[in-house]
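J.: Residue numbers (my numbering), protein chains in the order written: chain A, 1 to 210; chain B, 211 to 420; chain C, 421 to 750; chain D, 751 to 1080.
None of these hints come from the bench; they were simulated from the model. Everything numeric in this text was worked out from a predicted model, so none of it was measured. Certain hints may be false.
30 Å max Cα-Cα, derived BS3-like pairs, lysine-lysine [claimed, not checked]:
no., chain 1, residue 1, chain 2, residue 2
1, C, Lys621, D, Lys951
2, A, Lys141, A, Lys122
3, A, Lys91, A, Lys141
4, C, Lys422, D, Lys752
5, A, Lys122, A, Lys91
6, B, Lys351, B, Lys332
7, B, Lys301, B, Lys332
8, C, Lys422, C, Lys621
9, C, Lys621, D, Lys752
10, D, Lys951, C, Lys422
11, D, Lys752, D, Lys951
12, B, Lys351, B, Lys301
Selected chain C positions facing chain B (Cβ under 7 Å, derived; list incomplete) [said to hold, decoys possible]:
no., residue
13, Phe498
14, Ser500
15, Asp504
16, Thr527
17, Leu535
18, Tyr563
19, Thr564
20, Ala565
21, Thr615
22, Leu616
23, Ala618
24, Gly620
25, Gly639
We treat Cβ as the ideally placed atom computed from N, Cα and C, and that holds for glycine.
Given next are the chains, with one letter for each unit.
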Amino acid sequence: MDTDVFRAWITDIATVIREQRDHLTQLDAAIGDADHGANLDRGFTAVAAALEADPPASPGAVLTLTGRTLISKVGGASGPLYGTAFRRAGKSLGDTSDVDLTALAAALEAALGGIQQLGAAKEGDKTMVDVLAPATSAFSKAVAEGQSAADALGALVAAAQAGAEATVSMQALKGRASYLGPRSVGHEDPGAASSALILAALRDAVLASP
Amino acid sequence: MDTDVFRAWITDIATVIREQRDHLTQLDAAIGDADHGANLDRGFTAVAAALEADPPASPGAVLTLTGRTLISKVGGASGPLYGTAFRRAGKSLGDTSDVDLTALAAALEAALGGIQQLGAAKEGDKTMVDVLAPATSAFSKAVAEGQSAADALGALVAAAQAGAEATVSMQALKGRASYLGPRSVGHEDPGAASSALILAALRDAVLASP
Amino acid sequence: MKKLINAPDDVVTDALAGLAAAHPSLRLDAENKVVIRGDAPRPNKVGLVSGGGSGHEPLHGGFVGYGMLDAACAGEVFTSPVPDQMLAATQAVNGGAGVLHIVKNYTGDILNFQLAAELADDEGIEVVSVVVNDDVAVQDSLYTAGRRGVGATVFVEKIAGALAEEGASLADVAAVAREVNERSRSFGVALTSCTLPAVGKPSFELAESEIELGIGIHGEPGRERTTITTAHNLAGTVMDAIADDMPLSGDVLVMVNGMGGTPLMELYVMFAEVQRYIEGHGARVARNLVGNYITSLDMQGFSVTVTQLTDTLTRLWDAPVDTPGLRWGR
Amino acid sequence: MKKLINAPDDVVTDALAGLAAAHPSLRLDAENKVVIRGDAPRPNKVGLVSGGGSGHEPLHGGFVGYGMLDAACAGEVFTSPVPDQMLAATQAVNGGAGVLHIVKNYTGDILNFQLAAELADDEGIEVVSVVVNDDVAVQDSLYTAGRRGVGATVFVEKIAGALAEEGASLADVAAVAREVNERSRSFGVALTSCTLPAVGKPSFELAESEIELGIGIHGEPGRERTTITTAHNLAGTVMDAIADDMPLSGDVLVMVNGMGGTPLMELYVMFAEVQRYIEGHGARVARNLVGNYITSLDMQGFSVTVTQLTDTLTRLWDAPVDTPGLRWGR
Ligand SMILES: Nc1ncnc2c1ncn2[C@@H]1O[C@H](COP(=O)(O)OP(=O)(O)O)[C@@H](O)[C@H]1O
Ligand SMILES: Nc1ncnc2c1ncn2[C@@H]1O[C@H](COP(=O)(O)OP(=O)(O)O)[C@@H](O)[C@H]1O
Ligand SMILES: [Mg+2]
Ligand SMILES: [Mg+2]
Ligand SMILES: [Mg+2]
Ligand SMILES: [Mg+2]
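Excised from the complex, chain A in its bound form (with noise of 0.2 Å):
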């Protein structure tokens, strides 16, 4: 997977939480303050900016300018979490051209690794980290199993998807959703509803790569 893959996964994912921007909203606007879309679409068409005006020349770069873009764009609880994960990604990858999905398995580990060493979160806390969390675990062991791209990633997206759907039944236990103790049940997290997309598009990304 070379700097091109990289380059459209992002790219993917801006266009997608354009598309998907009042979906995220409206999930926030139940369990938190009616912002993850807006938040997350300020900020990748910022990444995509930033990409289109300066091509980095290596996959960990791409990532890297990723994070740090967010964390200058975003704002809130994600623009830092999801700001620091893309940033650990691209630090992991290092100034390899050719990411092979065991790079790329430590590089997810090493996003994961940064969210929770920030915010602190764990598995059923009802936040992203009920996405990143499964898929990463998911998609490692299938590379270390020695599954084709497209099953490992098959098995990450599902893992995620899975994840997202697990947080509805979920009480919050960090971030805003939080505050409503019990009456946070019943509502996806819209965290996780991102990274959900987020990962989907980098399944999309590597496998439409020639």
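We have chain A; now place chains B, C and D with the ligands onto it with these hints.
T.: For chains B, C and D with the ligands alone, kept in the frame of chain A given last:
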């Protein structure tokens, strides 16, 4: 017509205004500030209490106390106008204990004069004057012609109701409704409506007396 | 209707009690619903009295204090107070130099203050009345009750109050009050109606994108219903109405006033547009107020008031004031 | 949605431009959306920086000035600002005595201020952060992100600002800020939801007689939905929640704060009830604020904040302040 008739008139007004409070307020909401019903209800409730607390000994004293109480309790445009009207009518009756139709006609003329002196409204300006002026003149004419009390009071109320109805098509030139310019057309003036109620109560009180 | 009240009939009394409790430097004549400066009457200082219907807070009770009003009479919601209240206020602040009545031009206010002035005269208190009528949305002609008194009332109370504090005579204080009024123009816009506590539903209905231009401060409908547009365009409409009536030049004092339910954020957006308009028309915004100063219960909307300053008016504007609603220099 | 704005994306920028235009003593870093005291940095004075999502005006930009904040960063509506803004603010006000970050306890604010403090540290600027978390509606436990920072933020900014103005050290200014926070509790109630400009419809829906108890300042639903009752009963509910968490005694500072769309008249009605409650529970309302200080766009509702005073806190509260939102003594 003795003191009891005049006391009955005023307490009848209090009753009918209480019943029509919301209607008067609705008329005022359309072209004014939605308080005419509350204003008059507050005023006549206070008047009824004052008449109860220290019953005046003559028809003139009943009307004077009514006027003074309205001035002290109503506020707005209608407070000083109706208050002055009742005070002038009371003064016009003097301390006679039995009021005949001629004296009543003179008292109503005095009331109208007080309102016009204070508020400077002419007929056609879409105010209470559009009820009080034609009603008073119809009554004075009937009395001068020697008609019976029932007929003269019938003429009074018929002219009052026609006058109130006629305000619907007028453009307001006085009071708050004048700010609306042409938009004031098509609505009955609240003060005209309350004046018609007040005069109908007069007829009822006089005709109900033994 | 959802309001933070105990009962519609108690709202004026309860709010006055809260105002007095929050500001121990004020005295409350609860029976007459009059808010009075704690140190009134001040010997040889002209007393300033204003008042009107309630529902316009902080006007008038919130402008009682050093350098502004000596007393304010609160009527029922949107209903002029009665002469007894005005007389009580006048008596309470008369320090021997006479009393100025600042009256907004509404039939009810005019008539009740007129009766009150007669009563004060009977008691030997010298009273001069100044009528505020700054609302350009109303044609001042034979065909109306004349222009309404709106935003300029705040400026009249502040500037006349400052001059009175300096020890000026009743005639001079009245003259500066009239001067401020003559040099002032206002225009108001409603985005929503307002709900009187005693009525329980909005005074008029506006659809999702409708607004009313040229409203007063009593939830009366305006002169024209139109469609919401940008802050920039709205500022143009409002300022055109003002500038057509009083060409802009020199230093001006500007108030962008909220009607009670409009967030400060939006008022600042409006102020930026109004300032740009004024500076684009050759005048300079030398002083300003942005906030809720003369309101209409819970109405969303705003009004703009512009006053052409003179050196003296600027000096009096800058003079110290210490009231619940306006405070600086002390 | 009817708002006085040009476009949802411009509302923060336009409002900041209006704030700066209305208050020439403030400086605006428009690119970073930072409002700064005109005379910053002040040599050897501890710099005070706060910030957060917009939509809470006058907080924070309206509290920049003498005796309060040195700079405020404005995020998008209800969204924490980003570290770059906080760094720019920190640099602009660093006079060599270090900078205090006053952070409301929300995950986003905490994380972004944390990253900003690291960046400032890289540049050799000493930063201490104080977290405000006064909202008793949230259980402070393993099961939440901790109590939200709400009304006490205003008191922390005022009192820490006064101590900084006296020339105290960063450690002492941070200590008094923490002390104010620890001695403060708040509780909020919504009568209506609010509408974000970028969303265009209310964040939640309340029926004709429904209210939300225990709301924050971001249009989040509260902990419980119930039915509107009298101001007296509402004050009881709110004050019980506060007094259960912090027994009332001695002199207290009280704020009855409007959420943006509530008329001042109703806030005074509430204040009268709150004061009665407090005095009935053996404490005394020594100081108060009644008005819109920390808002939620156009939401109707209110919050109450109570702080147990000490002689020092009272002295610092009374010290002169000169900002768009709070001003006395100057
Ligand atoms: N401590 C945390 N750890 C991981 N994710 C979190 C944490 N707090 C919040 N989140 C995620 O952030 C999302 C909200 O993001 P966003 O709405 O953009 O920010 P904000 O909550 O500041 O408005 C939540 O749905 C949740 O998934
Ligand atoms: N100048 C005037 N002369 C006669 N009647 C008037 C005048 N101005 C107003 N009115 C009457 O007063 C009525 C309004 O009374 P009310 O609503 O109680 O007072 P306000 O207009 O002060 O709210 C109008 O409907 C009109 O009939
Ligand atoms: Mg959010
Ligand atoms: Mg009326
Ligand atoms: Mg009225
Ligand atoms: Mg947010």
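J.: Now tell me if each hint is right for this structure.
T.: Hints, verified against the model:
As the CA atoms of C/Lys621 and D/Lys951 are separated by approximately 22 Å, the hinted pair is consistent with the 30 Å bound. The suggested pairing of A/Lys141 with A/Lys122 holds, with an alpha-carbon distance near 20 Å, which does not exceed 30 Å. Pair hint A/Lys91 plus A/Lys141 holds up; C-alpha atoms about 22 Å apart against a cutoff of 30 Å. In summary, the hint linking C/Lys422 to D/Lys752 is supported, as the alpha carbons are separated by about 20 Å, within the 30 Å threshold.
About 23 Å separates the Cα atoms of A/Lys122 and A/Lys91, which keeps this hinted pair within 30 Å; it holds. At roughly 20 Å between alpha-carbon atoms, B/Lys351 and B/Lys332 fall within 30 Å of each other, so this suggested pair holds. Straight-line distance between C-alpha atoms of B/Lys301 and B/Lys332 comes to about 23 Å, which keeps the hinted pair within the 30 Å bound. Note on C/Lys422 and C/Lys621: the hinted pairing holds, with a Cα-Cα distance of about 10 Å set against a maximum of 30 Å.
A hinted pair counts as satisfied when its Cα atoms are at most 30 Å apart, and C/Lys621 with D/Lys752 qualifies at roughly 20 Å. Distance restraint check for D/Lys951 and C/Lys422: the Cα-Cα separation of roughly 20 Å lies within the 30 Å cut-off, and the hinted pair is therefore satisfied. A hinted pair counts as satisfied when its Cα atoms are at most 30 Å apart, and D/Lys752 with D/Lys951 qualifies at roughly 10 Å. Between B/Lys351 and B/Lys301 the alpha-carbon distance is near 22 Å, which keeps this suggested pair within the 30 Å criterion.
At its closest, the beta carbon of C/Phe498 sits 5 Å from a beta carbon of chain B; the interface hint therefore holds under the 7 Å criterion. Of the supplied interface hints, the one on C/Ser500 holds, with its beta-carbon coming within about 5 Å of a beta-carbon of chain B, less than 7 Å. Checking C/Asp504 against chain B by beta carbon gives a least distance of about 5 Å; that is within 7 Å, so the hint holds. Annotation: C/Thr527 was flagged as interfacial toward chain B, and the flag holds, the nearest CB pair being 4 Å apart, inside 7 Å.
For C/Leu535, the interface hint holds, the least distance from its beta-carbon to any beta-carbon of chain B being 6 Å, beneath 7 Å. With its C-beta approaching chain B no nearer than about 5 Å, C/Tyr563 sits inside the 7 Å limit, and its interface hint holds. The interface hint given for C/Thr564 holds, since its Cβ lies 4 Å from the closest Cβ of chain B, which is under the 7 Å cut-off. Below 7 Å, beta-carbon pairs count as interface contacts, and C/Ala565 has one with chain B at about 5 Å; its hint therefore holds.
With its C-beta approaching chain B no nearer than about 9 Å, C/Thr615 sits outside the 7 Å limit, and its interface hint is violated. Evaluation of the C/Leu616 hint against chain B yields a held restraint, the C-beta minimum of about 5 Å falling below 7 Å. For C/Ala618, the interface hint holds, the least distance from its beta-carbon to any beta-carbon of chain B being 5 Å, beneath 7 Å. Interface restraint check: C/Gly620 against chain B, minimum CB-CB distance 10 Å, threshold 7 Å, status violated.
Checking C/Gly639 against chain B: minimum C-beta separation of about 6 Å stays under 7 Å; hint holds.
Figure legend: structure checked against the earlier numbered hints; hints not met, in rising order: 21 and 24.
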